[in-house]
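S.K.: Read off the chains here:
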Amino acid sequence: MNAPTLTRRGFNKGAGGIVLAFSLLPAEVLAQAAAARLPGSLNNNRLLDAWIRINADGTATVHTGKVELGQGILTALWQIAAEELDLPLSRVTITQVDTSRSPNEGFTFGSQSIENSGVALRLAGAEARAILIELAAKKLGADAAALKVADGVISAPDGKRVTYGELAAEANLKREASAKVRPKPASEHKIVGKSIPRLDIPAKVMGGAAYVQDLRLPGMLHGRVVRPPRYGAKLESVDEAAARRVPGVVAVVRDGSFLGVIAEREENAVKARAALIAGAKWSGGDTLPDPAKLYEHLRSRPAQTTVSSEKKATVLASAKVIEATYNKPYMSHASIGPSCAVAQFADGRYTVWSHGQGMFPLRVDLAKALKVPPPQIRCIHFEGSGCYGHNGADDAALDAALLARAAPGRPVRVQWMRDDEFAWSPYGCAMSMKVKGALDGGKIVHWDYELWSNTHSMRPANPAGNNLLASWHVADAQKHGSVTNVPIQFGGGSDRNAVPLYDFPSQRVVNHLVGEMPLRASALRTLGAYSNVWASECFMDELALAAGADPVAFRLAHMTDPRAKAVIEKVAAMANWKPGEKGSLSRGRGIAFSKYKNLACYVAVIADVEIDRASGKVRVREAWAATDAGLVINPDGLKNQIEGGIVQTASWTLLEEVRFDRNGIRTRDWSGYPILAMPDVPKVSVELINRPNERPLGSGEGSQGPAGAAIGNAVAHATGKRLRDLPLDAARVKAALG
Amino acid sequence: MAINLKVNGSSRSVPAEPDTPLLYVLRNDLQLNGAKFGCGLAQCGACTVMVDGKPVRSCVTQIGTLGGAEITTIEGLGTAQKPHPLQKAFIDEQAVQCGYCINGMIMSAKELLDRKARVSEADVRDALAGNLCRCGTHNRIVAAILRAAKEMGRT
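So the protein lines, in turn, are chains V and D. Just so we're aligned: 638 in our numbering is position 638 of the first sequence, and the numbers increase by one with no gaps anywhere. Just so we're aligned: 114 in our numbering is position 114 of the second sequence, and the numbers increase by one with no gaps anywhere.
These aren't lab readings, by the way, just hints derived from the structure by calculation. Since this is a predicted model, take the numbers as computed values, not measurements. Take these hints with a grain of salt, some might be off.
In silico DSSO-like cross-links for lysine-lysine, where the CA-CA straight-line distance does not exceed 27 Å [what the hints assert, rightly or not]: (1) V:K194 <-> D:K116; (2) V:K368 <-> V:K234; (3) V:K565 <-> V:K312; (4) V:K683 <-> D:K116; (5) V:K683 <-> D:K88; (6) V:K190 <-> D:K88; (7) V:K368 <-> V:K194; (8) V:K734 <-> V:K721; (9) V:K565 <-> V:K443; (10) D:K150 <-> D:K54; (11) V:K683 <-> D:K6; (12) V:K312 <-> V:K436; (13) D:K6 <-> D:K116; (14) D:K54 <-> D:K88; (15) V:K479 <-> V:K443.
Simulated DEER-style distance windows between Cβ atoms [what the hints assert, rightly or not]: (16) V:P408 <-> D:G64: 29 to 37 Å; (17) D:S10 <-> V:M574: 25 to 33 Å; (18) V:A736 <-> D:K82: 52 to 60 Å; (19) V:P635 <-> D:A2: 31 to 39 Å; (20) V:G580 <-> D:K116: 42 to 50 Å; (21) V:N693 <-> D:S10: 52 to 60 Å.
Note that beta-carbon positions come from the ideal geometry of N, C-alpha and C, so glycine has one too.
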């Protein structure tokens with residue numbers, strides 16, 4: 001198998017190591033009463049050897065349940081494990097998620113990998129090191145406290161020494177973690193806190209095998225799928241013979257309204273797909289809402305209404321009240337590479353290679369769709385093209401498995417075409433936000449916020465149904481899962497960042513979770529946070545304007561959290577913010593802030609824009625960000641995420657909107673979904689406030705909310721007009737300029 | 001039928017029809033991973049390779065039109081042991097997030113550096129205007145290309 005590897009050493013190099021059989025216990029055993037709560041993902045994967053094994057050659061193999069998505073997480077986790085084990089990075093291997101051997105950490109999402117997997121590896125690493133030291137003390141006849149460890153060698157004061165490799169056979173890591181061994185203090189860190197070059201980059205610039213798209217297994221066939229022309233349409237008939245006439249076609253697979261083809265050669269699979277499309281007759285299907293009235297439609301639908309936050313205080317009648325409605329359209333993940341998967345069906349078992357965000361949850365829904373018990377399916381993660389949430393990766397995995405069933409023994413690689421990706425990958429939700437604020441004495445005395453949205457979580461492994469696309473199309477169709485919202489204590493879903501971090505004496509935040517989902521939507525980077533920060537932080541500027549206050553001073557006046565204040569002050573200094581500066585079309589400037597999920601990193605952004613009067617085109621010239629993510633594991637990796645988030649958000653904010661009409665999705669290729677291109681990308685400066693004694697805070701999504709609102713505020717500053725509907729594209733800005 | 005192609009300096013025979021997109025032949029017959037399928041419509045640039053020194057979109061280039069042209073892919077630029085200055089600069093600048101677009105970025109930059117004796121930041125941004133990146137890595141990509149240009153005496 002010409003398989004990519006992210007590891008410095010082969011996985012099997014440590015044969016003879018101390019763990020012979022991997023020992024993950026079933027969930028029921030773990031759920032025993034009285035088990036103490038362990039930090040991070042140790043709680044659900046409690047055995048040390050689920051995380052770390054020490055090999056006879058003195059190396060360590062580290063497992064994580066989190067997957068590489070191009071965010072550099074494997075490198076950061078590798079640093080954490082090596083640091084605690086006192087091994088050089090060159091002797092530590094970190095493996096990709098494989099349901100046959102990895103700890104189950106669910107999905108890689110929500111900027112939680114450092115907080116959950118990182119914490120587990122930090123504690124497991126420290127405990128494994130302590131176990132090795134204890135063994136060494138016995139062996140060397142020395143006091144454990146007197147031993148020194150460097151690069152996997154344990155030395156006694158008398159000069160006697162023993163290596164990790166020599167202790168590997170005796171060290172028992174097949175035991176429950178106690179989480180009692182204290183990890184190193186930040187002052188002793190030699191690897192954590194360093195900008196270690198990412199493991200995955202060399203293959204990506206050399207044409208190495210780096211992606212699931214690059215898997216090339218012996219005897220592999222190529223598959224393509226044909227989707228309905230609109231949601232809910234039924235396949236009445238199809239001219240299969242035309243597709244079979246294409247050379248090398250191995251099978252046409254039709255199951256209800258699921259349609260696909262496999263061929264020996266990829267180009268012939270593409271041709272056969274075209275023949276199937278030409279010869280397919282579909283009936284029925286859903287009518288979509290009128291896009292011109294999307295937000296009214298959304299607000300008029302039945303919804304589960306919950307109060308996310310409520311704080312009451314008397315508001316005097318003399319207070320000045322202003323209100324506004326903000327809207328955000330459906331947005332696409334728009335990954336550069338369409339979704340892809342490889343599957344093999346042999347002897348009643350499936351092996352599936354996927355770039356999904358959670359191999360264990362994927363396996364749950366695959367098992368439901370394929371009607372086999374989960375242990376008969378092995379899911380292995382391989383990176384795909386940029387992943388910003390729940391895209392089509394999981395769906396492609398089921399497509400590949402359904403096609404592989406028609407060619408037993410042979411691996412089948414399915415890659416979606418560009419139109420499959422734009423039309424069928426789940427979108428980021430359209431949302432509508434109504435905000436009302438009361439001002440008295442230049443301060444906000446009441447904040448009232450209501451939002452309307454679909455759920456941002458239609459991922460696999462929902463117990464009420466199946467969330468894989470093809471499972472809805474096969475003859476024995478399954479229903480999608482239930483509509484649920486991520487609870488606010490885990491950061492919220494549609495109401496993520498809907499509760500302001502400012503100290504308002506009186507506030508009410510209401511979430512209307514709309515059940516009817518006209519366009520397929522699920523998790524896109526930040527869930528509701530981008531929208532909610534967009535509305536809230538733009539409205540903060542509206543209130544500042546009404547109060548005659550400077551936007552920076554106004555924010556600081558309503559904030560008590562010192563870390564929040566620090567990033568706002570820092571970014572103001574970085575951008576040389578001048579209170580009272582007048583905006584013009586040649587330069588408008590805006591600021592915005594959020595603490596992602598109200599639980600993770602603090603980010604404040606300032607953006608400068610210029611606007612072309614003739615066309616209405618907005619260009620973000622420059623952006624600055626100040627970030628506090630607590631203890632920083634890899635400063636360059638964190639900066640890369642914050643920078644990238646700002647640029648991606650500039651694209652969302654200025655350009656992006658999924659096009660549809662009553663009959664279906666119109667966005668089918670890049671001409672229907674322009675994104676920011678190289679000449680229009682702003683210069684970005686990022687500074688980190690490192691707090692080595694604070695716990696590390698998730699940050700992969702931290703800059704997106706504030707970046708969008710900062711751009712919105714900059715456009716208002718430049719034009720004197722407040723634009724509240726996204727995107728701020730040229731047509732909308734031109735109309736506003738009159 | 002078989003068609004002969006000249007790829008990275010070697011002559012290769014591939015069992016494919018003349019209307020086959022070059023991209024599939026490179027990836028599947030010649031096992032070259034660098035060029036990526038992004039859109040199949042010449043819109044995104046992920047599949048960029050050089051044909052006789054000019055950047056082309058291999059997803060819409062039929063092999064039957066290539067004759068004896070010299071095809072260069074990213075694998076033809078350098079190796080892990082001996083990387084091209086562009087490849088080395090992308091590693092030095094950590095100018096990658098997901099990296100799916102990087103093949104196209106490097107190949108378009110290579111053509112720019114071959115074509116122009118001196119390149120500015122604006123030249124780089126213009127030359128890469130047709131290569132889409134979704135992770136927002138653009139500024140690092142530009143920095144990497146300018147670093148390579150400096151290394152090659154082109155700034």
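S.K.: Indicate, hint by hint, whether the structure satisfies it.
M.R.: Evaluation of the provided hints:
Under the criterion of a C-alpha separation no larger than 27 Å, the hint pairing V:K194 with D:K116 is inconsistent with the structure, at around 37 Å. Among the hinted pairs, V:K368 with V:K234 is consistent with the structure: their alpha-carbon atoms are about 22 Å apart, no more than 27 Å. With a CA separation close to 25 Å, the supplied pair V:K565 and V:K312 stays within the 27 Å bound. Our distance criterion of 27 Å between C-alpha atoms is met by V:K683 and D:K116, whose separation comes to about 24 Å.
Between V:K683 and D:K88 the alpha-carbon distance is near 23 Å, which keeps this suggested pair within the 27 Å criterion. Under the criterion of a C-alpha separation no larger than 27 Å, the hint pairing V:K190 with D:K88 is consistent with the structure, at around 26 Å. Using a Cα cut-off of 27 Å, the hinted pair V:K368 and V:K194 is violated, with the two alpha carbons roughly 44 Å apart. Of the pairs offered as hints, the one joining V:K734 and V:K721 holds, with about 11 Å between alpha carbons and a cut-off of 27 Å not exceeded.
Proximity of V:K565 to V:K443 is assessed by CA-CA distance (about 17 Å); at most 27 Å being required, the pair is judged to hold. Taking the CA atoms of D:K150 and D:K54, the gap is near 22 Å; set against the 27 Å cutoff, the hint holds. Restraint check for V:K683 and D:K6: the C-alpha separation of about 41 Å exceeds 27 Å, so the hint is violated. Only pairs whose Cα atoms come within 27 Å are accepted, and V:K312 paired with V:K436 is accepted, the gap being roughly 15 Å.
Distance hint between D:K6 and D:K116 is fulfilled; the C-alpha atoms sit about 25 Å from each other, no more than 27 Å. Taking the CA atoms of D:K54 and D:K88, the gap is about 22 Å. The hint holds against a cut of 27 Å. Taking the CA atoms of V:K479 and V:K443, the gap is near 50 Å; set against the 27 Å cutoff, the hint is violated. The beta-carbon spacing between V:P408 and D:G64, approximately 35 Å, falls within the hinted interval of 29 to 37 Å.
Hint check: D:S10 to V:M574, Cβ distance near 52 Å, so the stated range 25 to 33 Å is violated. A hinted range of 52 to 60 Å holds for the C-beta pair V:A736 and D:K82, which are about 55 Å apart. One distance hint, 31 to 39 Å for the beta-carbon pair V:P635 and D:A2, is violated here, with the actual separation near 53 Å. Take V:G580 and D:K116: their Cβ atoms lie about 45 Å apart, and the range 42 to 50 Å holds.
Restraint check, V:N693 to D:S10: a C-beta distance of roughly 57 Å satisfies the suggested window 52 to 60 Å.
Violation of the numbered hints given earlier is confined to hints 1, 7, 11, 15, 17, 19; the remaining hints are satisfied by the structure.
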